[in-house]
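Visitor: Here's the letter readout for the chains.
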Amino acid sequence: MGKNAPQNWRSVLKQRDAVRWELPASYMPGMRVPGMIYADEAMIDAMAGDMAIQQVANMATLPGIVGHALAMPDIHWGYGFPIGGVAAMRVDDGVVSPGGVGFDINCGVRLLRTNLHERAVKGSLPEIVNQLFRDVPTGLGRRGKRRGRPTNVEGALAEGAAWAVENGHGRPEDITAIEAGGCLPNADPAEVSDRARQRGAPQLGTLGSGNHFLEVQAVETIADEKAAHAFGITEPGQIMLSIHTGSRGLGHQVCQEFLGTMQRALAHYGISLPDKQLACAPIKSPEGQAYLGAMAAAANFAFANRQAITERIRRAFQHVLGPPESAIEIGVVYDVAHNIAKLERHRVNGKEMDLCVHRKGATRALPAGDPEVPAKYRAVGQPVLIPGDMGRYSYILVGEAQARRETFASTCHGAGRVLSRGAAKRKLAGVDIAKLLRGKGIVVRANSKAGLAEEASEAYKDVRDVVDVVERSGIARVVARVRPLGVIKG
Amino acid sequence: MQRHTSKDACTTTVTSMEAKNSTLAGSTSGYAFLEHTADVGVTAWGPDPSAAFAAAARGMFAIMLGGEPSDRTGPATEYTVEVTGDSWPDLLVNWLAELLFLMSVEDVVAQAYEFAACAPPSCSAKVTGILLENSDVSGIGEIKAVTYHQLMVEIKPSHTHVQVIFDI
Numbered sequence: 001m002g003k004n005a006p007q008n009w010r011s012v013l014k015q016r017d018a019v020r021w022e023l024p025a026s027y028m029p030g031m032r033v034p035g036m037i038y039a040d041e042a043m044i045d046a047m048a049g050d051m052a053i054q055q056v057a058n059m060a061t062l063p064g065i066v067g068h069a070l071a072m073p074d075i076h077w078g079y080g081f082p083i084g085g086v087a088a089m090r091v092d093d094g095v096v097s098p099g100g101v102g103f104d105i106n107c108g109v110r111l112l113r114t115n116l117h118e119r120a121v122k123g124s125l126p127e128i129v130n131q132l133f134r135d136v137p138t139g140l141g142r143r144g145k146r147r148g149r150p151t152n153v154e155g156a157l158a159e160g161a162a163w164a165v166e167n168g169h170g171r172p173e174d175i176t177a178i179e180a181g182g183c184l185p186n187a188d189p190a191e192v193s194d195r196a197r198q199r200g201a202p203q204l205g206t207l208g209s210g211n212h213f214l215e216v217q218a219v220e221t222i223a224d225e226k227a228a229h230a231f232g233i234t235e236p237g238q239i240m241l242s243i244h245t246g247s248r249g250l251g252h253q254v255c256q257e258f259l260g261t262m263q264r265a266l267a268h269y270g271i272s273l274p275d276k277q278l279a280c281a282p283i284k285s286p287e288g289q290a291y292l293g294a295m296a297a298a299a300n301f302a303f304a305n306r307q308a309i310t311e312r313i314r315r316a317f318q319h320v321l322g323p324p325e326s327a328i329e330i331g332v333v334y335d336v337a338h339n340i341a342k343l344e345r346h347r348v349n350g351k352e353m354d355l356c357v358h359r360k361g362a363t364r365a366l367p368a369g370d371p372e373v374p375a376k377y378r379a380v381g382q383p384v385l386i387p388g389d390m391g392r393y394s395y396i397l398v399g400e401a402q403a404r405r406e407t408f409a410s411t412c413h414g415a416g417r418v419l420s421r422g423a424a425k426r427k428l429a430g431v432d433i434a435k436l437l438r439g440k441g442i443v444v445r446a447n448s449k450a451g452l453a454e455e456a457s458e459a460y461k462d463v464r465d466v467v468d469v470v471e472r473s474g475i476a477r478v479v480a481r482v483r484p485l486g487v488i489k490g
Numbered sequence: 491m492q493r494h495t496s497k498d499a500c501t502t503t504v505t506s507m508e509a510k511n512s513t514l515a516g517s518t519s520g521y522a523f524l525e526h527t528a529d530v531g532v533t534a535w536g537p538d539p540s541a542a543f544a545a546a547a548r549g550m551f552a553i554m555l556g557g558e559p560s561d562r563t564g565p566a567t568e569y570t571v572e573v574t575g576d577s578w579p580d581l582l583v584n585w586l587a588e589l590l591f592l593m594s595v596e597d598v599v600a601q602a603y604e605f606a607a608c609a610p611p612s613c614s615a616k617v618t619g620i621l622l623e624n625s626d627v628s629g630i631g632e633i634k635a636v637t638y639h640q641l642m643v644e645i646k647p648s649h650t651h652v653q654v655i656f657d658i
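Those protein sequence lines, which keep their order, are chains A and B. The working numbering puts the first residue of the first sequence at 1, with every later residue one more than the last. The working numbering puts the first residue of the second sequence at 491, with every later residue one more than the last.
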């Protein structure tokens, strides 16, 4: 770590407006660009002594970084990059860092809409949640794996969600509502090791544990009728589902192996770093190209994973609510990656550039009219999916043009933690979280009580505050808010 | 980052482990959990590097399972774990990552470690473990990976101290 964190970041940061705080490049030797933190005053004060902003400074030392080293309002202390960190590097002379993506490559969120109303499913909710818990494997070991023959993951690595659909996990129209169409084109499955495949093969179609979840939700409020209509969100009470998971052990193994590769290559490329977790290699180097190919393949595996889970959800609803099959409609609103490095073109200081944009706990947010937004949403912009916590609410936003201008079309990815896992457990010792949530009408199924305490509402910022900063900064705006009815945790 | 004091429940677990484990009896081996906002870490120590590496592994499994793997029962299986690393920190990351891999692929929770070598460039140990399905999971579940963030290995003549943060 380059420096110890100051107890008062206000003494270091330059406040640009109510929600923008610049970290000057003079803060730490080696910073190539300033940092920019999107936060309100209370959030900045809450980060006193915290290492997250220090990690923004560390990010800013990476070769080829342009603009600002960015931190979204859900910023919190991570490893290497902070969670909520965004950094864009010039393709020509910049680096790619596996630590800027994270171990869970293409961890992301998929939002599903249904034609069901809360009124119609309320009585069946416990049964639905139980069925989902049975059908979508969660947790560790065999509980967290699919039963049956091992899957040949080659197709998932090369083709992503489309491979899953071709193999019976969903419908062709699902693919039209996924970031990058559910397949990063620069994937190179040959760069994914046999060991990574071994870890990943039994885990396709599984949720995992930690902060991963599957939620049954009801639309609570609609703030933007036009965008909501475009996204298929019709009225309060409409049943929605959110899936939060990623590339499972396959992605973890890819990242672990390439971190080692890049540690060994640092001296060769003359790169020195303030944190070993920022290990990186020039984008155009053999190591950089191999990582980008493997990372894209792992990202495709994650898209296929969320696609396979989608189909399990459809079958679970069908199983509980019964025929006729045509009466239950579950469609994909959108699917976003929030741990990813993508080759994108952005304008920096008036000049178009090819960049490698790292988003670690950050979501792409494209505005209306952008050609990369699916045709059916292009008039309003890209859906941005921001989960909150299991006891309160989550948000659906839409990208704004300001994000293109200042954040490489990026925004936050969630609420962001405020308590460590240990602190959450101590604060909630003796509290029956499941019972507490049941009292709010939320049905919870989880493998571990301790895991529930670590992921309780108290461990997270109020996502409303995070979204408020995003709206005030103009990088995305609220379309709708949903509240949890049923939660499945690993 | 702070190491837990004796007031913390984690340290009670460490004391319990030391008393039960004959391979570490009489030594000063143990571990404690480290607080981290998004993730969690372990600080571990022992009279020599192999004892500290074993203690770090115990701590890693305790995070996932919510307790000591040595408390659990079931038929034991032996595996040979061999990793390489150019430096002590690299060796520690690779050692723990290999145990995670073993758990992920073979569903094995390591319980006991008998080291044949533990110094750069290689670490080799006979690992005895039980199937995960024979253990209860009351911890956080999965550790995704072993990070290099705030990684530390400190070796003194009769004491080794290591620190590692895991991605949850």
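Any given hint might turn out to be false.
No farther apart than 20 Å at their CA atoms in a straight line, the calculated lysine to aspartate or glutamate pairs in the DMTMM-like style are these [to be verified]:
| no. | chain 1 | residue 1 | chain 2 | residue 2 |
| --- | --- | --- | --- | --- |
| 1 | A | K427 | B | D597 |
| 2 | B | K616 | B | E525 |
| 3 | B | K616 | B | E604 |
| 4 | A | K427 | B | E604 |
| 5 | A | K449 | B | E604 |
| 6 | A | K351 | A | D135 |
| 7 | A | K440 | A | D468 |
| 8 | A | K427 | A | E372 |
| 9 | B | K616 | B | E644 |
To give an idea of the interface, some chain A residues facing chain B are shown, with a C-beta separation under 8 Å as derived from the structure [stated by the list, open to error]:
| no. | residue |
| --- | --- |
| 10 | G210 |
| 11 | E220 |
| 12 | A223 |
| 13 | L259 |
| 14 | Q263 |
| 15 | A279 |
| 16 | S420 |
| 17 | R421 |
| 18 | G422 |
| 19 | S448 |
Bear in mind the hints are in silico, worked out from the structure with no lab data behind them. Ideal Cβ placement from N, Cα and C applies to all residues, glycine included.
Visitor: Look at each hint and say if it fits the structure.
Guide: Do the hints match the structure? See the list:
Proximity of K427 (chain A) to D597 (chain B) is assessed by CA-CA distance (about 32 Å); at most 20 Å being required, the pair is judged violated. Note on K616 (chain B) and E525 (chain B): the hinted pairing is violated, with a Cα-Cα distance of about 30 Å set against a maximum of 20 Å. This hinted pair checks out: K616 (chain B) and E604 (chain B) have alpha carbons roughly 5 Å apart, not beyond 20 Å. For the hint linking K427 (chain A) to E604 (chain B), the alpha-carbon distance of about 39 Å lies beyond 20 Å, and the restraint is violated.
For the suggested pair K449 (chain A) and E604 (chain B), the alpha carbons sit about 33 Å apart, so the restraint of at most 20 Å is broken. Note on K351 (chain A) and D135 (chain A): the hinted pairing is violated, with a Cα-Cα distance of about 50 Å set against a maximum of 20 Å. For the suggested pair K440 (chain A) and D468 (chain A), the alpha carbons sit about 24 Å apart, so the restraint of at most 20 Å is broken. Between K427 (chain A) and E372 (chain A) the alpha-carbon distance is near 44 Å, which puts this suggested pair outside the 20 Å criterion.
For the suggested pair K616 (chain B) and E644 (chain B), the alpha carbons sit about 24 Å apart, so the restraint of at most 20 Å is broken. The interface hint given for G210 (chain A) is met, as the beta carbon of that residue sits about 5 Å from the closest beta carbon of chain B, less than 8 Å. Interface hint status for E220 (chain A): violated, as the beta-carbon distance to the closest one in chain B is roughly 27 Å, over 8 Å. With a least beta-carbon distance of about 29 Å to chain B, the hint placing A223 (chain A) at the interface is violated under the 8 Å criterion.
For the restraint placing L259 (chain A) at the interface with chain B, the shortest Cβ-Cβ distance is roughly 6 Å, inside the 8 Å limit, so the hint holds. Taking 8 Å as the C-beta cut-off, the interface hint given for Q263 (chain A) holds, the closest approach to chain B being about 7 Å. Below 8 Å, beta-carbon pairs count as interface contacts, and A279 (chain A) has one with chain B at about 7 Å; its hint therefore holds. For S420 (chain A), the shortest C-beta to C-beta distance to chain B is roughly 4 Å, which falls under 8 Å, so the interface hint holds.
Contact between R421 (chain A) and chain B, as hinted, is supported at the beta carbon level, the nearest pair being about 5 Å apart and thus within 8 Å. Evaluation of the G422 (chain A) hint against chain B yields a held restraint, the C-beta minimum of about 5 Å falling below 8 Å. Hint on S448 (chain A) holds. Least Cβ distance to chain B is approximately 5 Å, under the 8 Å limit.
When the structure is compared with the earlier hints, violations turn up for hints 1, 2, 4, 5, 6, 7, 8, 9, 11, 12 and for no others.
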